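Protein chains: 2
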Amino acid sequence: MAESWSFLDTVECNFRPLVVIELAKGTKEETIEWFTKRIVDKKGDGDVTLIYFLLILPFFKGAQLLIKPLVTENGHENIYLVGASHLRLLLGAETVGLVKECNDNSMRTFTYSSRKTFKDFADDNHNFLTMAECQYIIKHELENLRAKNEKMIPGYPQAKLYPGKSIVRRLLTSGILIQIFPLHDREELKKLRHSWYGRVKVGYQPLDDIRCYFGETIALYFGFLEYFTFALIPMAVIGIPYYVFAWEDYDKYVMFATFNLLWSTVILEVWKRICAILTYRWGTLLMKRQFEEPRSGFHGVLGINPVTGREEPVYSSLKRQLRIYLVSLPFVCLCLYFSLYVMMIYFDLEQWALDYHKENESNFSSLMLYVPSIIYAVVIEIMNRIYRYAAEFLTSWENHRLESSYQNHLILKVLVFNFLNCFASLFYIAFILFDMKLLRQSLATLLITSQILNQFAESLLPYWLQKRHNKRMKKRVCAQKTDSDLSLAEQVNMEKEMGTYLGTFDDYLELFLQFGYVSLFSCVYPLAAVFAVLNNITEIYSDALKMCRVYKRPFAEPTANIGVWQLAFETMSVISVVTNCMLIGMSPQVDALFPDSKIDLVLTVALVEHLLLAIKFIMAFVIPDKPRDIQMKLARLEFESLEALKQQ
Amino acid sequence: MAESWSFLDTVECNFRPLVVIELAKGTKEETIEWFTKRIVDKKGDGDVTLIYFLLILPFFKGAQLLIKPLVTENGHENIYLVGASHLRLLLGAETVGLVKECNDNSMRTFTYSSRKTFKDFADDNHNFLTMAECQYIIKHELENLRAKNEKMIPGYPQAKLYPGKSIVRRLLTSGILIQIFPLHDREELKKLRHSWYGRVKVGYQPLDDIRCYFGETIALYFGFLEYFTFALIPMAVIGIPYYVFAWEDYDKYVMFATFNLLWSTVILEVWKRICAILTYRWGTLLMKRQFEEPRSGFHGVLGINPVTGREEPVYSSLKRQLRIYLVSLPFVCLCLYFSLYVMMIYFDLEQWALDYHKENESNFSSLMLYVPSIIYAVVIEIMNRIYRYAAEFLTSWENHRLESSYQNHLILKVLVFNFLNCFASLFYIAFILFDMKLLRQSLATLLITSQILNQFAESLLPYWLQKRHNKRMKKRVCAQKTDSDLSLAEQVNMEKEMGTYLGTFDDYLELFLQFGYVSLFSCVYPLAAVFAVLNNITEIYSDALKMCRVYKRPFAEPTANIGVWQLAFETMSVISVVTNCMLIGMSPQVDALFPDSKIDLVLTVALVEHLLLAIKFIMAFVIPDKPRDIQMKLARLEFESLEALKQQ
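Chains X and Y are the protein sequences, given in the same order.
Those letters in the first sequence? Residues 1 to 648, by my numbering.
Those letters in the second sequence? Residues 1 to 648, by my numbering.
Next up, chain X with everything else stripped away, as it sits in the complex (with noise of 0.2 Å):
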């Protein structure tokens, strides 16, 4: 049924499938066949209000895409995929704006008309754009079917629509949408799979090739981790020999944490030229932000969006406001107060354990001592889990209207306790306790530990229960096919119970954790970044390997830079400089070279400190954040749209 419609409109018989939608079991019929008639719809209705809606209302159309059902042994199951004509999506291309590599090897944005002058275009070539290209413009496209006159979706009399409202974010919303996904092409996927992780081999990623499966802000994630892990190989080298020799002298010590400090902040600017690098190549660079739609979950009374002048929900902002400093910003103080005071707590255990091993000891005292930290660990790990849902339940509450907006209070949130829960106990130790020794002891068994643990769980674990779940899922299927014998029908069934890749945040969080391990205290243990530079290359792979064989694919998402993480990267490596001066003023060798007066000892040592600052912030200055060629290209590009808004 679904077929006649997807057919009817097109010359094209090779249906690609590229997208999969779910729809609930038992979803009513008409709903299906309405929401099946928007996908293929053609774009301008056809309509005697075609004028109507091609000026005035341009967004409400069909989706002109097409549609199949998938038919399995089972018969029937609400599962749909999703394709489009190789004209429709040089369109969408279009749509989304695109940037691409032209015959002149500068990057534009595509456009339909001008399609003869880019690199690789031919008529008949449909590799033109990447599946994960294609995959990205069916979902804007799905995203941006929006209501026309319908009041609510058909058969679902709850599930209210108005004018503009996006159907697939409230057909999700209301649960008759499950999930919509891009298919993996297992071909392609064996290919990354062998170039990146397949053989032992020293070199860089594939980031290009990365990229064009899974995207840019996946690519981007892994250039940026394997950047940092080359960086981060200067800091481990110069470390090792303070480990190997036992060097205590402060004055290599202070060479070493200043080497680290400007270290820091050229490796944070480096990147953001490396990042504009790749990101021209990839043509995010110059990719016009689109208009950004509200969140699904953004709600409010209907009103007019000043910007747009369409029909939408509205919020006022002065509410938001009022939320976010009266409700968040207390309930977050009141968390790290929290957090503080169970460290606290963690501390006095500490000290009654020692007391009692003390006192009385045995097997079972000593036992006793390993207690305290046990408890803290999985307190922590227990308070970072309620503060997440926490934290997301009041950035949802706070009714962000835009997505990104959204996410950079969540990341504030997340980011502000993370550090205090992992380096509270460091800064008590380092500063109050005054005790070098228990730092570096701490510090190593926090960096290490946390490293083990965090590769088991986010990687090998799940890729264990995915293996074993695969198999018994092929066996209950089809006896001992090899995976790239499987049948689409089975690929998807397979691919649809698989996890939901919920992003990079997890992972920058990660990284970013590390840094601070590495660089907050790097003068009491220069070994740090060794261990960093060892996790990060096994990172690579069990990174790869989740994104590869765990999870479902994710739609690629375009991106510029790494955002909200530079800048969080660029506060930790200033906070840096603070910790580290005050970690070289307290060691009993500077001491010894003030040995008057103490008051020149500080003075002196803020007086450094200030200079450090004053050098980073003059560096991040005057290091261009592009590089010159790429400089040279954005400016071209720029006089060239300023000659032809002339010529016009």
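DSBU-like cross-link-like pairs, simulated, lysine-lysine; straight-line CA separation at most 35 Å:
id, chain 1, residue 1, chain 2, residue 2
1, Y, K633, X, K165
2, Y, K626, X, K319
3, X, K626, Y, K165
4, X, K42, X, K288
5, X, K43, X, K116
6, X, K633, Y, K165
7, X, K272, Y, K288
8, X, K288, Y, K633
9, X, K546, X, K471
10, X, K160, X, K37
11, Y, K119, Y, K100
12, Y, K496, Y, K42
13, X, K148, Y, K633
14, Y, K43, Y, K288
15, X, K272, Y, K319
16, X, K633, Y, K626
17, X, K43, Y, K116
18, X, K288, Y, K119
19, Y, K100, Y, K546
20, X, K598, Y, K437
21, X, K633, Y, K148
22, X, K437, Y, K598
23, Y, K160, Y, K28
24, Y, K165, Y, K68
25, Y, K272, X, K272
26, X, K252, Y, K598
Derived by calculation from the structure, the hints in this document are not laboratory data.
Just so it is clear, the structure is predicted and the values come from calculations on it, not from any experiment.
Using the hints, position chain Y against chain X.
Coordinates of chain Y only, in the frame set by chain X:
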């Protein structure tokens, strides 16, 4: 002769002179003929190679303006008046990208085809463009008059030209063209003077009128001056009781200083918002940055500009960097060192004079007490002037391609040196001599004398000289006429002798140094803000006088913000956090709070300082740079242009 050309292609007969061109006496006839022909020639030459010129070299063409020689009683004086037809000006407004208000109160880039949608537009309304805008357009067109295939300026074989070289700039550098300046509009100026400073009144300056007459850069300076004065009033009001009641309790001073530090952050952030409101209303916030041509002093071997693809001088960026970092930077450092050295000599002299006075007390010796200060003031003034020349020479030698980059490098050089000259002695007194009484005294002396001297040297003296000169001129020319009765020729002759306003640099520098006096040591001398407010009120009047009476009318310069000065003021406010915390820490009252340990005192001060800095940065981050309604309007424009692109 020139007249015949200028009226050849135009139907309009009401020639309104807008800009004056003064050629050197004895300029060859063929040069004048060629130059005026280029000015009046049509844009698209009517040539056989028209298509070539339009498509490939759209910048090789005439300016299609009107030009008329100024005939005085003394005959032909090589002075020409330039005007343009109304239509030509409207087309020029489109070329320079002027932004005007539409009928629906939104701001849009003016295009000739959409002219009917703009507010107050009528084909016969010659006031749609302000006179300053017309003059800006003519200046732009004249500067973009480029050589076609001339190898040199006719009649001057040594003045080389190459295709695309700006003719006017070559004429200026080879001394054939003495000056180009816009004419005053006596009527308008009178009205402006009256509403600006003509009557004694309390209220805002007529910023919109100033902008109409002098352009955005100057209006923005006066806007900033006014805003800054208002912003200082709270500091002044809170500062007065400290002086009156001689509150020497440092807990009160701490409160005052803290207030000052946070207040200075707030005012700088709020200024960004006010600046956005002003420049949105004036259209410059939306104005697209034109492609910047090389500045007139830029030289190099002929090559291809990688951005425009045009032939123009190119100069290696590496060479420039080497000149900056290997010559200019060391030179500036040397000058700074020298300036410090001179300061030390001054302090030695002062000590010597004091000793001398103590030994043999007499009238002569008490006079001698003032000698070091006077010598130092004179030396500083001389050093400032020499350094200014050196900085200009060096920055020019660095051979920056863009005027903006030249300006930024020059400002930076001059700023650092002036900062040191003004404040080094105060820093020395405060943090080396620890003499708070002397600090307060020096601060007051420096602040007040510099204010008085500045106002005198900058406005009143030139005004007086100009007035005397004008009187003599008038006497010579036309016995007893009032200003408005002057004939055009007399007006031109008078204005061409007036001084040239060299831009807002010195005015901003004065404000910057004043901000330093007020904020750096605010907790020692709270009365500084009072003097600053008083000075600024008179400064507004004397600067207004200067603009209206002393100088030639300057060309309007569209600008969207105060540029590098925002950064300079923000840096100053960061430095002032450090100095104020140190001053408070050094006070005996705070000292007394930590009787046992000096270390605790220093650490507490450092902690407070870091907290204040953190609060400053967070505040700067949290306060949005543009008010919400401006943000919405900008978003609306962006959305519309995206929609328009999609429709194409």
